[in-house]
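Please build the complex by placing chain B on the supplied structure of chain A, with the hints as guidance.
Here is how the chains run, residue by residue.
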Amino acid sequence: MSNDHNHLNRRRFLSNFAFASTAIATGVGSWVVRPDWANAAADPIKVGIATDLTGPIGYAGNADANVAKMVIKEINDAGGLLGRPLELFIEDTASNESVAVGNVRKLIQRDKVDLVLGGITSSMRNAIKDVIVTRGKTLYIYPQLYEGKECTPYLFCTGPTPAQQCDEFIPWLIKNGGKKFALPSANYVWPHTLNVYARKVIEANGGEVIFEEYYPLDQIDFSATVNRIISNKVDVVFNTVIPPGVGPFFKQLYEAGFLKNGGRLSCVYYDENTLNINQAAEIEGLASCLDYFKALTPEDPFSAKLQAAYDKQFPGTFLFAAGSAATGTYRGLKLWEAAVKEAGKLDRDAVAAALDHAKIADGPGGPAEMVPGKRHCKMKMYTAVAKGGNYEIVARSAGLVDPKEC
Amino acid sequence: MDNLFIALFEILSFGAIVVLVVLGLGIIASMMGIFNFAQGEFVLLGAYVTYIVHSSGLPVWLGMVAAPFAVGALGFVLERTIVRRFYAAPIVAMLGTYALGLIIREIVRGLIGGLYLSVPEPIGGSIGIGAMHFSTWRLVIILITALVMIGSYLLLARTAFGLRIRASLENPALARASGISTNAIYGATFAFGAALAGLAGALIVPVFSLFADLGLRFLIQGFVAVMVGGVGSFAGPVAGAGVIGTLAAALPWIIPPVIADVLVFVLAIIFIKFRPQGLISGKGV
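Chains A and B supply the protein sequences, listed in that same order. All residue numbers in the first sequence are consecutive under the numbering used here, ending with 584. All residue numbers in the second sequence are consecutive under the numbering used here, ending with 559.
To be clear, the hints were calculated from the coordinates, so they are not data collected in a lab. Just so it is clear, CB atoms sit at the ideal spot from N, CA and C, and this is done for glycine as well. Hints are supplied without guarantee of correctness; some may be wrong.
Per the computed footprint, the stretches of chain A lying under chain B, defined by three or more beta-carbons under 8 Å from a beta-carbon of chain B, are [said to hold, decoys possible]:
#1 401-412
#2 446-457
#3 487-501
Cross-link-like lysine to aspartate or glutamate pairs, in silico, DMTMM-like; alpha carbons within 25 Å at most [said to hold, decoys possible]:
#4 A:582 x A:390
#5 A:523 x A:308
#6 A:327 x A:381
#7 A:357 x A:489
#8 A:284 x A:308
#9 A:358 x B:276
#10 A:438 x B:276
#11 A:411 x B:380
#12 A:472 x A:570
Pulled out of the complex, with its shape left as it was, chain A reads as follows:
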């Protein structure tokens, strides 16, 4: 009897062990999306996505993974690339750099992908870029809006830079808000670097920075800051405080009468996802400047088509929005597709050389092209203002805006 018992336990142990070792071997948090059509003659081209599927910014990472699935499917349905199907490998970077490095290494060493696209925060990009570019000898595309100054060879950026988000936006704010700026900011690299650029543009356009102040990332009470803004009669709040602090901050500003007195809120990462942090009245008139807003769909047929296709395939909470790098992901994959077509092969140097001047005629918000030698992307930029819980486009760049990087 007792022998039976032992036997069962051992068997259960073995089966658990087998399950666990399978999980370790394939990795939890790995997804492979195989093409529908298999071509025996040609191996699939492997595309790696490393993004934050879990953790605090999981909503952004999931949207990016969805966009990648959509683009890869679209390319496969149209016959693939160079006659070969695309296979998509998705790894979770889990909003945690040490987990991310391990998972990205899997993409490089185990899956041997031809391209890695991903990373949302700058700290994530810095953690994984060496694994991909230097040791991994693989091409890397970073899709998020960021503070600039990333000039690593074989690393291409497809999101907006400070120049793209400030050059047209800040003169607009001065005209439609006033000359006295406050720069309340979260204490990490993006706000610090962006503010240096923003301050230059503000002062060059006759504006004035009343104060620039940094807060711990988890601060959620801003009464001292709000009081400083009100008592100094600030016209424009150029905000880089991030969630969770940004919601209470805007609310306290509203309650202190900032908007009622004609103050203008602005925040360059604000997209459709962040609209819900506050009630509509609390952020009425908030201005943002990004490469895409859903409000563009009535005027831009291609954006409308893209948005509709995404919403149909992925209804739910993960929105196709510029602030979560979803548009940069689309742009990055399509530019890479164009580059591979031109190069005619997947050799890293050949693709990088073609990607250096790649162009796409259509994308979210309009066309895009890489600036030769700069590994950054020219794109159209839009200024939008929150009205009653939605955005309204109030200004459009005349053409493609230069990233002014590297």
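Chain B in isolation, oriented as in the chain A frame:
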């Protein structure tokens, strides 16, 4: 002068929020000797219940009334099934409740899609006196905190039930010999602490919006408050929360916020070094 009034009001209101959050934590820590690391997630659940009620089209205040009952009931179930197994080992209890908190937090994160969602206050806007504006809802929070504090004090100090709770804490064996079911008392106390956290979450969610790490934000501050205030009594953690909340809100007015954030903890550590028993030592109310 205007500035001074605004500063005092804002500091008082944030102090009240911290007191409200710490109240439940303090009662569980003092009356049961358990450091409940899931307390932050009870706050989160209170906020989530309010959000659910609001998003189903019912008035927000209904959610705020429902939240303490829902969270209290869950607290009771968790105490009966899980937490009661930990009473003999306080360190294990910390890890166990931390694990519970982690599970609750990640489930809520999944349910709200990791987003930040706004919940309107039942009484919004601000009261203007001259050029000064005072947030109406923060005023309500200050009032409710005062009422809850007085109510909890009366419950523990003046009722027969409060006497039983204190008896079970001071001498469980004698309490049992006197015919008090300490088991039931522990369950009820834990549920009461959880319900207070649920109420705190429901009241603060309009101020801070709903997000998965809402409770985590207050957990560390809460524990520092309990340490500074002193474990064992009802008044200790409340006094500690008042001090920590006031400091956290007041320091950014005079020094850079990044330094203020650290300074609160440094001051707390120095204080505990010289007065390890906390502001108010001793057991009882």
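Now for the hints, and whether the structure bears them out:
With 5 residues bearing a CB less than 8 Å from a CB of chain B, the segment 401-412 of chain A meets the requirement of three and the coverage assertion stands. Counting residues of the segment 446-457 of chain A whose C-beta lies closer than 8 Å to any C-beta of chain B gives 6; at least three are required, and the coverage claim holds. With a threshold of 8 Å between beta carbons, the proposed coverage of the segment 487-501 of chain A by chain B holds, since 3 of its residues qualify and at least three are required. A hinted pair counts as satisfied when its Cα atoms are at most 25 Å apart, and residue 582 of chain A with residue 390 of chain A qualifies at roughly 24 Å.
Our distance criterion of 25 Å between C-alpha atoms is met by residue 523 of chain A and residue 308 of chain A, whose separation comes to about 24 Å. Taking the CA atoms of residue 327 of chain A and residue 381 of chain A, the gap is near 21 Å; set against the 25 Å cutoff, the hint holds. Between residue 357 of chain A and residue 489 of chain A the CA atoms are separated by roughly 40 Å; this puts the pair beyond 25 Å, and the hint is violated. Annotation: proposed proximity of residue 284 of chain A to residue 308 of chain A holds, straight-line Cα distance about 14 Å (limit 25 Å).
For the suggested pair residue 358 of chain A and residue 276 of chain B, the alpha carbons sit about 22 Å apart, so the restraint of at most 25 Å is met. The straight-line distance between the Cα atoms of residue 438 of chain A and residue 276 of chain B is roughly 18 Å, inside the 25 Å bound, and the hint therefore holds. At most 25 Å may separate the alpha-carbon atoms for a hinted pair to count; residue 411 of chain A and residue 380 of chain B exceed this at roughly 42 Å. Between residue 472 of chain A and residue 570 of chain A, the direct Cα distance comes to roughly 9 Å. Compliance with the 25 Å bound is thereby established for this hinted pair.
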